Amino acid sequence: MNTGYYHNKKHSPDWVLLLAYLFLVVFGWFNIYSSAIEPDSPVIFDISQKYGMQFIWLCTSLVLGILILYIINPNTYEAIAPVLYVFILLLLIAVIFVGRDVNGSRSWFEIGPVKFQPAELSKISTSLLLAYTMSKFNFHLDNMKDAATIACIILIPMATIVLEKETGSALVYAGFIFMLFRQGLSGWFLSFGFLMIFLFVLTMVSSPLVAIVCAFGIHLLIVGLASRNLSIAFLVNVLICILLAVIRPLSEWIMNMGSTATDAIASVDIDMNTRALEAESNILEKQDLVFGVLKPEVLAILLIVPAFVWLYLNCIRKRLHFIKYLAISLVSSIIIIFSVNFIFENVLQAHQRARIENLLGITEDLHGIGYNVFQSKIAIGSGGWIGKGFLNGTQTKFNFVPEQSTDFIFCTVGEEWGFLGSLFLVAVYMTLIIRLIILAERQNSKFAMIYGYCVACCLFMHVFINMGMTMGLLPVIGIPLPFLSYGGSSMWSFTILLAIFVKLDMENKRKMYY
Amino acid sequence: MNEDKDIRKSRILIAGVVIAALILVIKLFNLQIVDEEYKISAENNAYKYAMLYPVRGAIFDRNKELLVGNKNSYDLLVTPMEVSEFDTVSLCRIFDLDKDEVVEKFAQYKKDRRKIGFQSLTFLKHISAEQYGVYAEQAYRFPGFSIVSKTSREYMLNAGANLWGYVTEVSPEFLKEHPEYKMGDYVGATGLEKAYEEHLRGEKGYNIYLRDVHNKVRSSFANGAYDKKAVAGENLITTIDAHLQQYGETLMQNKVGSAIAIEPSTGEILAIVSSPGIDIDKLANIGKYYREIVNDPYKPMFNRAVMSAYPPGSVFKLVNGLIALQDGVIVPETRFPCSMGYHYAAGKKLGCHAHPSPLDFRSAIMMSCNAYFCYAFKAILENRQYGRNISNSFNHWRAMVESFGFGHKLGSDIPAELGGNLPKTSTYDKIHGKNRWNATSIISLSIGQGEIGTTPLHLANLAAIMANRGYFYTPHLIKYAQALNDSITIDERRFAQRHYTLVDTTWFPVAVEGMYRAVNSPPGAGGTARRAAVEGLDICGKTGTAQNPHGKDNSVFICFAPKDNPRIAVAVYLENAGFGGTWAAPLASLMVEKYLKGEVERKDLERDILEANLIVNVPVKRR
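Quick mapping for you: the protein sequence lines, in order, are chains H and W. Counting in the numbering used here, the first sequence runs from 1 upward without gaps. Counting in the numbering used here, the second sequence runs from 1 upward without gaps.
The hints are simulated quantities; they were obtained by calculation from the structure and are not laboratory data. You may find that some hints are simply not true.
In silico DSSO-like links for lysine-lysine, alpha-carbon gap of 30 Å or less [said to hold, decoys possible]:
1) W/K9 <-> H/K145
2) W/K299 <-> W/K176
3) W/K282 <-> W/K150
4) H/K145 <-> W/K5
5) W/K378 <-> W/K552
6) W/K430 <-> W/K409
7) W/K9 <-> H/K511
8) W/K110 <-> H/K115
9) W/K5 <-> H/K136
10) H/K324 <-> W/K5
11) W/K27 <-> H/K388
12) H/K324 <-> H/K145
13) W/K5 <-> H/K446
14) H/K318 <-> W/K5
15) W/K176 <-> W/K228
16) W/K228 <-> W/K125
17) W/K409 <-> W/K552
18) H/K165 <-> W/K110
All values derive from a computational prediction rather than experimental measurement.
Construct the entire structure; sequences and hints are all you get.
Spelled out as structure tokens, the structure:
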């Protein structure tokens, strides 16, 4: 380890994290000012406006941070983790019944003038309990019981938050899989997760048949790799690609030929319209006969399935151990592909469906569902290289972009600070997250290390999902951008989340060099 | 080993973070630097375009009398995002609204606020000028509301509703095919409004304003250098005589059919009536009556005058007679016998009415003898000149008939004109078998029955041909179109071409003499159209009574007047009205009288026609 470097700073918080944090909260406050500025009360401290309130949240967060860094005993966290978890979980459940209905979701407590969202706090308690559980002696992820415990810790608050209709916040919990990966979860799980998402999207944008061909293709490559028949697997895949890429346009071209022929008939004489229609339907029928059975996808499946089975049997003969997981993966891929429709129609809510359809370009509705994203893209896009300058944005003013100071705050950054400003912001976030990972790796206490990873995961999910949403990369998922978005709940909870780790890190250094 | 694996995993995760960051940055670069689309859209948000709507072109009659004009109307718009608290009660008082209704509307706006965004919505349509005046004084009290002035059609005369057609707001389907229109624009949907949309609509203009960061409209952009003025639509000057058109529509009420008047010396249509038609008041408010009009069993939207194909009946004898004279198979003095009809096979007879026999050509026209034209028609088709080949002689006959304008579109400028139908040899080959038919198989054609279909416009054109003694100008509705700067955009001379028939002009006076006698012969002489006679007008006419398989015969009449230098040619076709001489002839003569004298003196006859309800005879297929 790098001795001496920390020698004179043994009690100081990590300066990279601290600087990044301070930059983000202040930058966020300025952007909220710019996006919500009221000409009648342009003072940034005016607490009747959002920017004035954000200043209060900022100050109180700093106080909270100082409390955590210098007053509270860091050993407390490990001790209270289970109690805290249960307490917050009860709040999560309670809010479903007594919470205030905001845009259809019941996730806000309202006590007098104070509003807060327990879902934000739950990220802290869940991270703490995960760290607590996994750092216990004798904990092994391979152990079914331990794995089940971890799954419960993550899934219970997640499910509760889904019941609050805050699906976006629940999605953040999926990020813990990266922490689990570091703690011993097989990389195949991660790959499997990505594969499922990929197949889901592929099914949506093209067709189940194409998705199945693709699923077989990927598994074929793996089997090929395992059975040392990679070249065959590769060859088959190339063939399939050619089949899909060439035959489909070819058949469409032939169909077009057919219909231009009938168009020609139609143009000869209007009276012959009916005859032309008949002729057209005849041609279409014939085409259905030929291309209905001999769709390129069907041909592809006929080609790839035998190849896969052959290589798979080859693997079984070689008694390769992992082969059964591959089968499970393939079967679940196919199940996913066929249940996409079901999930889409029955599990997702109407607005979620609409958001996904809009993202994938299946429906285009610039004034309805697509309005937010379209306006948001306009705002960001209009920034150009260096942006329009602080307070000079025109798009993020006056509700061209809805929710511009909360979930869509990144639009203001994009418009007023341009590509360079946005690039810098992304860089700051990534520095923060990577620094968290590096520091987590340096922890001697397993508790601190796992907690550090949890913090990194939460921040990563928030940043990536939020920015991806404003740029139109991901469907609209209403979660705040950490430290930048307007709001007390998120500001406080992200501050606490981060500060606890900074304190744990300070404690780690103290123990090492004291 | 395990430690190595852990370090590798942490590096994978860091790499993952970097890749995610790269994805975001690439997308950012694409949005902010590469893609131009979003920059253009941002300008749209910052510049505010205020549309200026042009005045739609007006429609005039042949004497420059205004028929279809424009009136101003005001719509109240609201931009929900800009509305702050206002006095609901006073707003309701100004516009005579129900308070709950307003509250409900705003509740809906609040619900849809994300969808609406910064758009303006129409809050109230067609505000009266008085209400507008009261509102304008207090407008400052209602932030977020604004008034937009639009013009809507105003009809000066209760006539010609089917001709003008109506104007409607563009539909989403229409927008898809015509991207040059915008939501909220108006477009002609039927009639002349549709056919001359490009002339009538004018060009939209706009004023560009700059919006500052506070979304306040600050100033005119570049002092209006890029603004565009609206250009008013062109005026249409029609050939219609407004008063004759209106009179024709009045006479045709409670009758099903058409009446058309043409100026023979130009082909200009003076009046074109399709009955029943749409009431002009309903046209002004078409949205309200649309369903009722569409569901009307008499189909008031259907322009019978140019779309219905009817058997012409006896008026077609003129054509056959002239062809026979031209071919030399008869001369005017040729007489044919008639014993209550034409006996063309043992026990088979095409009946006729009681009249003296035998008759010469002029008298046969005057008394409309069926047998005479059966003989004549048979003589045309059995003319040795065509080698006893029915196909050849039939095709010869057909070409002659076509030269009168029958069997195809006349090429007028009337929207939706159809061509009727004229049988071909193949028609009869199909019915009877190839070469298994002869003149007697198709003898009904001699008296304008059978497989022939003509539109009332064809018949009016025939009247014009008779008036001109052998030629016609393509009938048309639009004299010319004139832009605001007086430039003529549709040329008056485009229909100046004379079309001669294949019958020599020398034969026409003979037929005209028959027509003159049909109307003007003394009582008891057997003229079929004596009810059409008007003293001093020298009306020449030919009646027709066409069989209608659905109910009573159709009553047909064509005429022109005066006999020398005719000024008007009229065709009247009444469905299920009976003899041509009974209804169609007097109705046509009234129109002639109205046009030539300006006033109708035969008040009793006029009253009879006005009160006649012939629509009751028309069988209607109800759904």
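Right, here's what the structure says about each hint:
no., hint, verdict
1, W/K9 <-> H/K145, "holds (24 Å)"
2, W/K299 <-> W/K176, "holds (29 Å)"
3, W/K282 <-> W/K150, "holds (20 Å)"
4, H/K145 <-> W/K5, "holds (24 Å)"
5, W/K378 <-> W/K552, "holds (28 Å)"
6, W/K430 <-> W/K409, "holds (24 Å)"
7, W/K9 <-> H/K511, "holds (26 Å)"
8, W/K110 <-> H/K115, "holds (23 Å)"
9, W/K5 <-> H/K136, "holds (21 Å)"
10, H/K324 <-> W/K5, "holds (24 Å)"
11, W/K27 <-> H/K388, "holds (19 Å)"
12, H/K324 <-> H/K145, "holds (22 Å)"
13, W/K5 <-> H/K446, "holds (17 Å)"
14, H/K318 <-> W/K5, "holds (27 Å)"
15, W/K176 <-> W/K228, "holds (25 Å)"
16, W/K228 <-> W/K125, "holds (26 Å)"
17, W/K409 <-> W/K552, "holds (28 Å)"
18, H/K165 <-> W/K110, "holds (21 Å)"
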